[in-house]
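Protein chains: 2
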Amino acid sequence: MTSTAAAPPPPRAYRRLSVEERRAQLLVAALGLFAHRAPDEVSLDEVAVAAGVSRPLVYRYFPGGRQQLYEAALGSAADELTLCFSEPPVGPPTERVARVLDRYLRFVDEHDTGFSALLRGGSVVETSRTTTIVDGVRRAAADAILSHLGRIGGSGPQSTGTRSAGPRLRMMVRSWIAAVEAASLIWLDEGKRPPAAELRGWLVDHLIALLAATAATDEETASVVRDLLALETSDGPAGRLAELVVPVVAEAAHLLPHATAAD
Amino acid sequence: MTSTAAAPPPPRAYRRLSVEERRAQLLVAALGLFAHRAPDEVSLDEVAVAAGVSRPLVYRYFPGGRQQLYEAALGSAADELTLCFSEPPVGPPTERVARVLDRYLRFVDEHDTGFSALLRGGSVVETSRTTTIVDGVRRAAADAILSHLGRIGGSGPQSTGTRSAGPRLRMMVRSWIAAVEAASLIWLDEGKRPPAAELRGWLVDHLIALLAATAATDEETASVVRDLLALETSDGPAGRLAELVVPVVAEAAHLLPHATAAD
Numbered sequence: 001m002t003s004t005a006a007a008p009p010p011p012r013a014y015r016r017l018s019v020e021e022r023r024a025q026l027l028v029a030a031l032g033l034f035a036h037r038a039p040d041e042v043s044l045d046e047v048a049v050a051a052g053v054s055r056p057l058v059y060r061y062f063p064g065g066r067q068q069l070y071e072a073a074l075g076s077a078a079d080e081l082t083l084c085f086s087e088p089p090v091g092p093p094t095e096r097v098a099r100v101l102d103r104y105l106r107f108v109d110e111h112d113t114g115f116s117a118l119l120r121g122g123s124v125v126e127t128s129r130t131t132t133i134v135d136g137v138r139r140a141a142a143d144a145i146l147s148h149l150g151r152i153g154g155s156g157p158q159s160t161g162t163r164s165a166g167p168r169l170r171m172m173v174r175s176w177i178a179a180v181e182a183a184s185l186i187w188l189d190e191g192k193r194p195p196a197a198e199l200r201g202w203l204v205d206h207l208i209a210l211l212a213a214t215a216a217t218d219e220e221t222a223s224v225v226r227d228l229l230a231l232e233t234s235d236g237p238a239g240r241l242a243e244l245v246v247p248v249v250a251e252a253a254h255l256l257p258h259a260t261a262a263d
Numbered sequence: 001m002t003s004t005a006a007a008p009p010p011p012r013a014y015r016r017l018s019v020e021e022r023r024a025q026l027l028v029a030a031l032g033l034f035a036h037r038a039p040d041e042v043s044l045d046e047v048a049v050a051a052g053v054s055r056p057l058v059y060r061y062f063p064g065g066r067q068q069l070y071e072a073a074l075g076s077a078a079d080e081l082t083l084c085f086s087e088p089p090v091g092p093p094t095e096r097v098a099r100v101l102d103r104y105l106r107f108v109d110e111h112d113t114g115f116s117a118l119l120r121g122g123s124v125v126e127t128s129r130t131t132t133i134v135d136g137v138r139r140a141a142a143d144a145i146l147s148h149l150g151r152i153g154g155s156g157p158q159s160t161g162t163r164s165a166g167p168r169l170r171m172m173v174r175s176w177i178a179a180v181e182a183a184s185l186i187w188l189d190e191g192k193r194p195p196a197a198e199l200r201g202w203l204v205d206h207l208i209a210l211l212a213a214t215a216a217t218d219e220e221t222a223s224v225v226r227d228l229l230a231l232e233t234s235d236g237p238a239g240r241l242a243e244l245v246v247p248v249v250a251e252a253a254h255l256l257p258h259a260t261a262a263d
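Chains as they are written, first to last, in the numbering used here: chain A, 1 to 263; chain B, 1 to 263.
None of these hints come from the bench; they were simulated from the model.
Note that the coordinates shown come from a computational prediction; the quantities given were computed from them, not determined experimentally.
Just so you know, not all the hints are guaranteed correct.
[To be verified] Here are the simulated lysine to any residue pairs, SDA-like style, with alpha carbons at most 20 Å apart:
no., chain 1, residue 1, chain 2, residue 2
1, A, 192, B, 166
2, B, 192, B, 81
3, B, 192, A, 168
Start from the sequences and build out the full structure, keeping to the hints where you can.
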């Protein structure tokens, strides 16, 4: 069975890895398991098998065991998710938001069970540290959306020349992000229906509607909406929604003062 | 010091209570503490002091200690909150939703820290049971809102003659409820500003806008909106919002196909 000629390369699992490479390899294996199973259901043995290493080696890198490994994997998923929000500030803002949502929904799709377990809470591995990681992602998401609305959020660096978002606009964006999270969980519950592109379209419509409703009573949001509209096109999300909403709004004509006066 | 004449009545703490009365008294005391402090920061000694009883008596009623007492107090708060959603199905639907939100925001105000700690997660007393209690309240809230939209949700009893809500409408209502929760937490973070009535007005506007945006692409929601509009008045929330949104929508006229054709 042994031959001196054409010896195969040593199996990959036994390749000598640097500390950083080994850590990254363990995290990738852990994330693969945590993505599709509730954290409480993933054992360190499985992580070791998935990474092709021994259990003691997993403990050498993560002496805190599953809890520490879960938090590290979550941190790495959070970094990956935060990268999804990065989008160049060019073109119609609703189309930028649509591209961000496409990447976000792809992430949700690829981390389905882990995403649900994390956001639903009640897990034994949930701690104030895991909550802090999730809150960091929410803050990054809010900052990204505010930047496409031409404002800066409370947590990013304060660049000069760009205005800080006021309290109502910040509340609006953070509420919408909570609604997006809720819709994502429902989407997973319902077997990923409707198709991701349809859900994304509705979430963009939701943001546009929320901007319009908030502009009605908040001067800052009204000014943001005026600036945005100049960048939108008739065949983009805002144009399509405006066209579809006109018949709905037309049915509300009797609510307007002039209609009442004509009664 | 002892006198046979005019003996004072025995102090209230020593009054003989039935098992049910005693349990209720302990829950009221616990809820008072859990409402304004994080559950991890409330000790059983404090609950005993607040109720005017001994620590062993608290343990006799709640042998599981703080965890059991917290879950019972949470269940009792959940019942109280669910009662807030009950609103007769008469008058303009947006005004019914406004009254429900007024009661809900009063509850949030009265249980501020406990409400935040619960929804923010990461608490050591959070379990799958506490998550189930919170989910039950969310389901009850969704059912209540759907009933004011003339539909029944998935979790209530199926009454004849009323249509079940379709998937998009249910997702819309549940997303809005998540947004209301997020806005409530932000409201508490920002020292309960803006005033509750102003926040409530914005949350109603948010629901109306979401209904209009969803009606644009979902036939069932469009039919719900047509039925609702017939019940609304020009001086109610829908009328006021319609009046305020018209100037905002007017600025989007260039997005509409006929405006493009005229270019």
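Here is how each hint holds up against the structure:
| no. | hint | result |
| --- | --- | --- |
| 1 | A:192 - B:166 | holds, 16 Å |
| 2 | B:192 - B:81 | holds, 19 Å |
| 3 | B:192 - A:168 | holds, 13 Å |
In the structure shown, no violation is registered for any of the earlier numbered hints.
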